[in-house]
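Novice: Protein sequences appear in the order of chains A and B.
The first sequence maps to residues 52 to 360 in our numbering.
The second sequence maps to residues 980 to 1056 in our numbering.
Note that these hints are calculated values from the structure, not bench results.
Source: prediction; values computed, not measured.
Mixed in with the good hints there might be a few duds.
To be verified - Think about it this way: if two alpha-carbon atoms lie no more than 27 Å apart in a straight line, the pair counts; the simulated DSSO-like pairs of lysine-lysine are:
(1) B:K1055 x B:K1041
(2) B:K988 x A:K301
(3) B:K988 x B:K1055
(4) B:K1041 x B:K1053
(5) B:K992 x B:K1053
(6) B:K1041 x B:K988
(7) A:K301 x B:K992
(8) B:K1055 x B:K992
(9) B:K1053 x A:K301
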Amino acid sequence: MAYLRAFGSWLPPRRVTNQEIAPLVDATPEWILEVSGIEERRYASDQDTVASIGLLAARDCLEKAGATAAELGMILVASGSSDRFCPGPASQIAAGLGLASTPALDIPVASAGSLIGLTLAAQLAPTAGRVLVIGAEIMSRRVALNPEGKNTAILFGDGAGAALVDAETGFARIADSCLFTDGTAADILFVRDGHFHMDGPAVIMHASRKMPRAINELLTRNGIAPGEVEAFLLHQANLNLITRVAAAVKAPRERFFTNIARYGNTSSASLLIAAAEWHSGQTAALAGPLVFSAFGAGLNWGALLALPR
Amino acid sequence: MEPQARILKVLQKVTGKEITPGADESLFVSGLLDSFALTDFVSGLEEEFGVSIPDSDLSARKFDTISKVESYLKAKA
């Protein structure tokens, strides 16, 4: 068994509004809002690193769980924007938590990395015990704030999220998941030489078909109707895409939690930041299914189903 | 109904407009389609023509004009 026990997050304090970005990329604040649903995003400071902000989210998660780092059996860190490719931020975060022998692995998959982390954690928890999944991104260093980089610069922000998956206790049981990879379209979304490249229209087309398909597959094989799902927690890629997925899945739009307006697209961190905010806003115990879904570099995508205990 | 007329019917349904673009007019440059609408357009074509369009074909280039769509569907048939 594997359970979702707690979430955590950390966002840099610096707010970057559409008004600040727009003149740099030759756009208007209204256009940015219209095409993305984003009003502002957060930017890390020069002193922050992917590992340092991931560590802050990890600590927040452990504090919310009432757990200590020493209890962890494994750490999984998703990031597509890490400052150093190899070794990635996982070992630095483990060291920051005071751990010198706990396995800490990197998942270098922008946008979909946290979903992959949650899925792996659910499978590893029966032997590892407690698995801390972290998504941390400083995407602002991977985009170009100029007219040529407009289509990516307007979207991305920085931040980190975390989830504690526990073999014994938690508020929801991870019941099922599905992951997919299609490398034939890998060149529409990738990071090379420190720069993020994205064919936005192609990504939207793939995501708006693949994510609903994954969600429907998961719900169908578990005999759950879309309308029964209490909350959908998606990678916060683009508000229009989330609305699109809701319509394709035929589930009420208001069941899809969103915070992209305030944080932008924080790539692989966004799923866990959204989960942390959603969970902290809950006043009652989970009463229905919870569905996670993400789409990202690879292409990698999938969905995960959690049920009330 | 001729293929181009059927394609136009799908396009009009997706855009919600009684438009009649030229066969070689770019549906993207003219603003009739964007990446979100293209997904609906492709789904509508699958339904209208009874074909399955794989994700690997999800390229704006293949569906940019009514002529290109017709050629694509002809090749799929």
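Novice: State for each hint whether it applies.
Specialist: Consistency of the hints with the structure:
no.	hint	in the structure
1	B:K1055 x B:K1041	holds (12 Å)
2	B:K988 x A:K301	holds (24 Å)
3	B:K988 x B:K1055	holds (19 Å)
4	B:K1041 x B:K1053	holds (12 Å)
5	B:K992 x B:K1053	holds (21 Å)
6	B:K1041 x B:K988	holds (18 Å)
7	A:K301 x B:K992	holds (19 Å)
8	B:K1055 x B:K992	holds (22 Å)
9	B:K1053 x A:K301	violated (32 Å)
Checked against the numbered hints listed earlier, the structure breaks hint 9 alone; every other hint is satisfied.
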